[in-house]
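Undergrad: Here is how the chains run, residue by residue.
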Amino acid sequence: MLEILLDATVRAGTPILFATLGAIINERAGIINLGIEGLMLIGALAGFAGTQASGSLLVGVLAAFGAALLAGSVHGFITVQLRGNQIVSGLALTMFGIGTTALFGRSMVGLTIEGFERIAIPGLSRLPVVGKPFFNQDLLIYFSFLLVVAIAFFFYRTRWGLALRTVGENPAAADTCGVPVTLTRFLAVTVGSGIVGIGGAYLSLATTPMWIENMTAGRGWIAVALVIFASWSSYRALAGAYLFGGITAMQLRFQAMGTTISAHILQMLPYFFTILVLAISTIRLQKGASQQPEGLGQPYDREDRK
Amino acid sequence: MRRFTLLALALLLVLPQFAAAAGAKEKVKAGFIYVGPVGDAGWTWAHDQGRKEMEKLPFVEPSTFIESVPEGAESERVITGLVRKGHNLVFTTSFGYMDATLDVAKRNKDVVFMHCSGYKSAENVGNYFGRMYEPRYLSGIVAGKMTKKNVIGYVAAFPIPEVIRGINAFTLGVRSVNPAAQVRVVWTQTWFDPGVERDAADSLLDVGADVLTMHQDAPATLQAAEARGAYVIGYNSDMRSFAPKSFLTAPVWNWGPLYTKIAQEVHDGTWKSESIWWGMQHDLVKLAPISDKVPAAVKQLVEEKTAAIKAGKLHPFSGPIKDQDGKVQVAAGSAPSDGDLLGMSYFVEGVQGTIPK
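Going down the list, the protein sequences come from chains R and Z. To convert, note that position 2 of the first sequence is 2 in my numbering; the numbers rise steadily by one, no gaps. To convert, note that position 208 of the second sequence is 208 in my numbering; the numbers rise steadily by one, no gaps.
The hints are simulated quantities; they were obtained by calculation from the structure and are not laboratory data. Don't take each hint at face value.
[Unchecked claim] When the alpha-carbon atoms are kept at most 25 Å apart in a straight line, the in silico DMTMM-like pairs for lysine to aspartate or glutamate are as follows:
hint	chain 1	residue 1	chain 2	residue 2
1	Z	LYS286	Z	GLU55
2	Z	LYS245	R	GLU169
3	R	LYS132	Z	ASP210
4	R	LYS132	Z	GLU55
[Claimed, not checked] Pulled from the structure, derived: some chain R residues nowhere near chain Z, Cβ distances all over 12 Å:
hint	residue
5	VAL74
6	ARG83
7	PHE96
8	LEU127
9	PHE155
10	ALA173
11	LEU203
12	GLY245
13	GLN291
14	ASP301
For every residue, glycine included, the Cβ atom is placed at its ideal position computed from N, Cα and C.
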């Protein structure tokens with residue numbers, strides 16, 4: 001049972017994980033991105049359309065990445081180059097995403113594709129309990145594991161990662177050290193958006209291989225909240241995404257098993273945990289342990305340096 | 001010259017109203033409020049098919065639809081918007097629009113409103129729905145015959161009478177041919193979230209269900225069944241393309257005949273406020289063609305039952321019906337009134353699951 005539960009947890013958590021990782025890259029560079037929900041939808045549609053047209057899932061994933069990257073570059077241009085309001089631009093991006101995907105996706109409704117299949121990793125997938133949930137999954141899930149580690153490595157073990165974090169913490173200092181602030185921020189927004197797009201594509205290529213309007217159903221907003229829960233760390237993003245995925249999976253399975261626990265209590269669980277998580281992160285914030293980038297949400301203009 | 005222009009403008013504004021008042025044969029300009037996107041392949045898609053069929057009438061002007069309108073207060077603004085733009089017939093196609101529809105109707109007596117799936121009405125507000133429990137019952141017969149493990153999974157949206165009635169009718173259909181079978185229910189608490197629907201369907205397959213059905217707006221349950229080699233019964237519209245190997249049949253909506261009738265009545269000026277609850281007899285609800293995986297004998301049985309329902313000889317809820325606790329809810333030889341059906345809040349024997357209260 002635990003094995004099945006963990007498996008469902010990983011599958012439900014993965015789209016949120018990609019989205020959270022992408023959002024973290026944005027925010028680490030100092031740019032708030034509330035366009036996650038829209039970017040996920042763009043990724044979901046582009047991924048489905050790409051696979052539908054080419055017959056290749058890889059092409060679909062690349063299309064999702066590319067389309068979301070392109071849409072994210074609009075947010076990047078407005079917030080980084082033009083120093084526009086990040087909140088407004090992000091919300092507009094979400095609305096744009098919902099609208100355009102509804103429009104262009106109309107011809108995709110009802111079409112089907114072969115989605116991602118499970119690929120067992122020899123040896124590891126035989127492990128008790130953790131074998132099936134973590135080592136008998138599809139390629140996108142394996143990619144998400146790699147991405148979590150790669151992002152942590154990039155942030156803390158590479159020069160570029162240091163530059164990106166500095167741009168988010170104190171763009172003026174970064175500028176003084178010769179880091180191209182505008183370019184770094186722009187790249188963080190676009191690449192981060194592309195990764196969010198892969199999260200959307202997970203829904204349309206693996207979870208339910210089809211396109212339906214608005215199929216992300218609010219997962220983008222969960223990702224926005226998870227960034228704070230994860231305190232901008234990719235490892236904690238993994239924990240947060242699986243926590244949310246796991247609670248949903250658990251309450252559904254308790255119901256299916258026919259437990260006599262009231263369905264109301266089961267359905268309360270996700271919200272109960274949300275409150276708990278918020279309380280814990282707030283307490284941590286008050287203790288000064290916040291990892292929030294200092295320059296988050298502030299446009300940078302060299303002329304305004306103090 | 002200026003005065004002339006003004007006069008002409010005023011006439012232009014007033015004349016159409018005179019024309020409308022003078023001729024009894026009104027042009028019909030219909031507006032639709034949808035709760036989901038037309039691309040949902042389910043509930044809203046089915047309504048939109050009905051809208052398109054209605055548009056074929058010569059006196060119906062191109063109609064308007066507004067998608068994904070949130071239920072509640074927001075919908076009042078959207079409905080008012082349609083009225084302001086000159087629509088004289090407005091369909092509001094989700095339960096949660098009921099009060100907003102009545103509020104707007106109070107201020108716009110010259111517009112005809114039709115609200116789907118509610119119970120309130122007014123002088124210029126009618127309501128309509130379909131007896132979906134009839135084809136649900138029939139689909140239950142198919143499920144009861146096709147299950148081998150005698151565990152059937154039901155992915156359900158919200159614990160409201162409409163959904164409960166469907167689960168009960170389906171279960172009665174199942175048990176009419178297979179008294180040993182059980183129907184397990186999982187609530188998703190959402191009409192539309194493909195990811196959660198998929199997960200709920202998987203959870204039912206995990207506990208051994210070999211036939212699934214659902215009351216949701218997305219076809220995610222069908223994909224879950226297809227991926228795991230279980231049979232599946234759809235809902236809302238014929239969704240067989242999502243599960244070519246697993247699809248058995250689906251109770252589906254067919255709004256066209258009703259929308260056409262309403263438009264015709266508004267055109268003729270004969271429309272009167274009423275509560276329409278049509279069943280298979282009027283073709284408002286039906287069973288999608290049954291797949292060839294189902295043995296001919298079962299198809300034959302379903303056809304006989306279909307004919308009996310259409311002829312009024314068979315009521316899916318005719319007694320005796322016991323609830324989960326064994327208490328008799330419908331006495332032998334009687335059938336529940338429409339009021340009892342519309343307020344149904346218990347599970348019949350054979351359903352495994354609880355109704356959150």
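Undergrad: Now look at each hint and say whether the structure bears it out.
TA: Going down the list of hints, with the structure as the test:
1. Of the supplied pair hints, the one linking LYS286/Z and GLU55/Z holds, its CA atoms being roughly 22 Å apart against a limit of 25 Å.
2. About 55 Å separates the Cα atoms of LYS245/Z and GLU169/R, which puts this hinted pair outside 25 Å; it is violated.
3. Restraint check for LYS132/R and ASP210/Z: satisfied, since their Cα atoms lie roughly 22 Å apart, inside the 25 Å limit.
4. Proposed proximity of LYS132/R and GLU55/Z is contradicted: the alpha carbons are some 53 Å apart, above 25 Å.
5. At the 12 Å boundary, the C-beta of VAL74/R stays outside the reach of chain Z, the nearest C-beta of that chain being 23 Å off.
6. Its beta-carbon lying about 33 Å from the closest one in chain Z, ARG83/R satisfies the requirement of being farther than 12 Å from that chain.
7. The claim that PHE96/R is not at the interface with chain Z holds, since no C-beta of that chain comes within 12 Å of its own (minimum 15 Å).
8. With a closest Cβ-Cβ approach of about 20 Å to chain Z, LEU127/R is found to remain outside the 12 Å limit, as its non-interface label requires.
9. Chain Z leaves PHE155/R outside its interface by the beta-carbon criterion, the shortest separation being 29 Å against a cut-off of 12 Å.
10. Every C-beta of chain Z lies more than 12 Å from that of ALA173/R, the closest at about 42 Å, which supports listing it as non-interface.
11. Non-interface status of LEU203/R relative to chain Z is broken: a Cβ of that chain comes within 12 Å, the nearest being about 6 Å off.
12. Not every CB of chain Z is more than 12 Å from the CB of GLY245/R (nearest about 9 Å), against its label as outside the interface.
13. Even its closest Cβ contact with chain Z, about 29 Å, leaves GLN291/R beyond 12 Å, as expected for a residue assigned away from the interface.
14. Every Cβ of chain Z is farther than 12 Å from the Cβ of ASP301/R; the closest lies at roughly 39 Å, confirming the non-interface assignment.
Against the hints set out earlier in the document, violations occur for numbers 2, 4, 11 and 12.
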